[in-house]
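Chemist: Residues per chain are reported as follows:
Protein chains: 2
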Amino acid sequence: MSNIKTYIEENKERFLDELFGLIRIPSISSQAEHKPDMVRTAEYIKDSILSAGADRAEVIPSSGNPVVFGEKIVDPTAPTVLIYGHYDVMPVDPVELWNSNPFEPVIRDGRIWARGANDDKGQMFTQIKAFEYLVKTGQLKNNVKFMIEGEEEIGSPNLEEWCKKYKDLVAADVILISDTSMIGENTPTLTQSLRGLAYMEVEVTGANQDLHSGIFGGAVANPINVLAKMIASCIDDNGHIAIPGFYDDVLEVSAEDRAMLARAPFNLDEYKKALDIDEVQGEAGFSTNERTGIRPSLDVNGIWGGYTGEGSKTVTPSKAFAKISMRLVPNQEHHKISDLFKAHFEAIAPKSVKVKVTAHHGGAPYVSPSEHPGYRAASKACVDVFGDQPIPLRSGGSIPIVAVFEKVLGIKSILMGYGHESDRVHSPNESFSLNRFFKGIEANTHFYGHYNEEMKK
Amino acid sequence: MSNIKTYIEENKERFLDELFGLIRIPSISSQAEHKPDMVRTAEYIKDSILSAGADRAEVIPSSGNPVVFGEKIVDPTAPTVLIYGHYDVMPVDPVELWNSNPFEPVIRDGRIWARGANDDKGQMFTQIKAFEYLVKTGQLKNNVKFMIEGEEEIGSPNLEEWCKKYKDLVAADVILISDTSMIGENTPTLTQSLRGLAYMEVEVTGANQDLHSGIFGGAVANPINVLAKMIASCIDDNGHIAIPGFYDDVLEVSAEDRAMLARAPFNLDEYKKALDIDEVQGEAGFSTNERTGIRPSLDVNGIWGGYTGEGSKTVTPSKAFAKISMRLVPNQEHHKISDLFKAHFEAIAPKSVKVKVTAHHGGAPYVSPSEHPGYRAASKACVDVFGDQPIPLRSGGSIPIVAVFEKVLGIKSILMGYGHESDRVHSPNESFSLNRFFKGIEANTHFYGHYNEEMKK
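Which chain is which? The protein sequence lines are F and Y, in order. So the first sequence is numbered by the UniProt record's numbering: it starts at 1 and just counts up by one. So the second sequence is numbered by the UniProt record's numbering: it starts at 1 and just counts up by one.
Think of the hints as simulated: they come from the structure by calculation, not from any bench. Worth double-checking, as some hints may not be accurate.
Each pair may be met inside one copy or between any two copies, as identical chains are not told apart.
[To be verified] Taking lysine to any residue and the SDA-like style, the derived pairs with C-alpha atoms no more than 25 Å apart in a straight line are:
#1 K356 <-> D276
#2 K164 <-> L97
#3 K72 <-> P26
#4 K5 <-> K380
#5 K356 <-> A274
#6 K141 <-> I241
#7 K229 <-> E290
#8 K272 <-> K351
#9 K336 <-> L434
#10 K229 <-> S338
#11 K412 <-> Q31
#12 K12 <-> Q31
#13 K136 <-> T308
#14 K72 <-> Y166
#15 K457 <-> N289
#16 K354 <-> L340
#17 K167 <-> W98
Treat the numbers as computed from the prediction; the structure is a model and nothing was measured.
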């Protein structure tokens with residue numbers, strides 16, 4: 001029986017060449033100008049899945065960017081694993097902060113540097129290459145399907161509808177996803193829960209035109225001042241979110257579970273040093289990992305208004321804008337939270353301005369139970385490759401579609417990802433370590449055998 | 001004796017052609033790319049002053065953009081009037097809100113539409129054309145000097161030094177300035193006071209890199225949230241500025257003077273309707289005109305940070321920025337206010353962020369006394385042309401250099417301007433009514449004779 005380590009060693013240059021070709025297509029889903037790139041990327045992945053040994057693969061339209069589907073059915077009575085991933089990436093601005101072209105991957109210091117190197121082109125590729133190894137060496141005993149979408153970074157707005165339409169096509173026993181992080185370079189980690197998301201945009205309008213801040217200053221509401229005050233009022237001095245009803249559905253985590261979480265390795269000094277901050281900041285009464293893992297949060301993701309150029313301009317703008325998102329925990333419902341936010345912002349706005357609140361994408365929180373056969377198989381795969389039991393992680397991030405899969409397809413997802421906080425996903429200078437890229441491929445190949453055994457129990 | 005009305009009628013097309021040539025040069029002083037345009041504009045004005053009949057005119061370097069100086073000495077024993085104006089203009093963004101090219105003036109609805117149509121190219125041109133009329137018709141009995149600068153919109157950072165150097169060259173009995181507004185299309189107005197200005201820029205830094213708002217949200221300070229809270233804390237619920245010491249030097253206006261001010265025609269409903277606002281907003285206990293005329297104010301002129309593009313991005317940015325200006329009243333000192341602001345912002349910043357506060361330009365408030373011979377001459381000129389005594393105005397705007405003239409040159413300035421609030425100076429779609437452009441020229445010609453008589457009293 002061929003050895004995966006040998007196979008990787010013999011094929012690593014090709015693996016990287018193929019991944020780099022994928023990364024070079026700037027598939028930014030939030031920017032309309034990249035629409036043609038989305039289709040090119042989908043075609044590229046279809047070809048990768050076919051070359052890896054799938055029986056079939058195709059680019060299937062959705063109401064937004066297309067979804068790549070592929071499958072290999074080795075035995076209709078064997079378990080079926082559905083690989084989910086996404087081929088779209090985040091915007092690259094501020095582009096001037098990148099040390100090299102975000103869409104021209106380079107290898108430096110043992111890492112691949114590029115937008116999408118990790119999230120999710122690099123991680124998703126670990127699944128395609130693991131599949132390739134098992135097929136080419138005759139070791140695949142499960143059925144495998146692929147569902148690779150192009151709108152994850154904008155909240156997968158069309159995948160729920162697509163899943164409903166293609167429910168039979170993607171039917172499977174478990175979904176395996178590599179789009180999360182490990183807590184150390186060689187510390188295997190399985191994400192047990194994800195936060196949900198409600199993402200809002202606020203527009204505050206004062207006068208119907210930009211005004212001279214001398215002639216009108218002090219007498220007419222300045223929408224930036226008003227917006228700042230409204231944002232400030234959303235979080236109180238204890239770090240609690242001050243939107244009425246916000247915490248009503250929050251599932252409080254037991255003291256026992258909090259004690260479990262506290263056992264995960266974490267060094268606050270190193271954390272602060274890595275971010276170059278003197279102090280962390282958050283909800284009173286909770287640790288840093290609890291603040292991101294089991295508590296909701298509210299962040300302004302963007303703000304703009306007035307004169308933002310060089311020098312000075314004495315203007316009171318007509319409008320000010322903010323993008324504000326909230327991370328949610330079990331059992332918060334994102335539509336309800338969006339409604340509470342909107343009602344609150346409309347209620348606190350002074351009569352001197354007009355306020356418009358709209359919801360961008362949102363998503364439900366998710367929990368991956370540790371007794372699930374897929375979770376147990378993933379744990380064993382981690383032990384095989386990293387030599388340790390994986391750390392169970394309560395992640396602060398969101399993959400809203402995971403909750404949708406459970407609701408629409410009735411399938412649980414296993415979050416076995418190979419990222420790391422140092423990879424700067426969503427930021428300038430995203431990277432992915434070669435170590436984790438290759439170990440990820442290896443761990444994925446081990447998952448299948450263990451999953452087959454677990455399903456027989 | 002030739003009549004000014006006839007002269008205007010016969011030369012109006014030429015006047016407009018010449019003004020349009022001036023407006024077409026995009027002399028935006030706050031943007032470095034326009035540096036060559038500043039020199040071109042100065043040369044254009046030098047030529048205009050020479051053609052109008054000056055003995056001499058030249059473009060004199062300063063440490064920034066050059067100053068245009070010109071003069072006609074008709075009698076060394078006669079009074080000398082120094083005309084001050086500025087040839088630089090404000091930026092034009094957001095440029096997509098303009099109905100026509102900001103630097104291609106058009107006449108529509110009885111107005112000239114362009115950046116600088118009013119502020120100050122159009123208004124300054126009323127002085128050059130009045131001078132031309134008096135010279136060409138042999139009616140000039142005063143000496144006239146011109147000092148036209150190119151950095152007013154960025155706070156005249158180099159004119160104080162220039163005035164010290166050329167103090168003898170620009171020596172005069174009074175300074176006449178057309179760079180202010182009338183309170184109605186045909187309601188003559190003399191500005192009696194101007195507010196001062198302190199203009200600050202604030203940079204708030206959280207982590208050393210943009211962060212994923214899911215992974216870090218709730219545990220690491222978000223500089224936008226922090227900045228919003230800091231801005232909100234600067235103004236209390238009564239509209240008072242909450243910076244310690246801010247009001248210490250404010251000259252409170254007497255009940256008698258406030259009663260005088262209240263007699264100026266003002267219709268709050270029309271004011272609100274023109275701005276399309278449901279309510280005004282400002283310091284408790286003061287009227288709208290008091291809020292801009294005799295009370296200081298604090299406005300955010302620009303704010304930016306995080307993702308401001310299309311769609312959504314779940315980022316906690318590393319930095320957030322704001323441009324914040326304060327309008328000052330007699331006896332506030334702008335350097336002291338800048339220091340108070342900086343100290344306050346540094347004091348209220350939480351330890352989870354770093355704050356950098358820098359001062360842009362500033363300027364002192366100014367008062368123009370009604371018993372001054374220049375003020376009385378301007379009043380009479382207004383009566384001649386508009387048929388009414390001018391309204392004395394406490395303006396909310398700032399012309400910081402006016403206080404500098406008093407300090408360095410020892411000369412009082414008379415603020416006889418022809419703008420109007422509907423002209424949208426500093427905003428998209430700036431304009432200047434032809435009515436006020438031509439009446440301005442007319443009123444300026446009347447000023448000189450009255451000033452000569454007042455000086456003989």
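Chemist: Among the hints numbered above, which are violated by the structure, and what are their numbers in rising order?
Modeler: Those not satisfied are hints 2, 3, 6, 9, 11, 12, 13, 15, 17.
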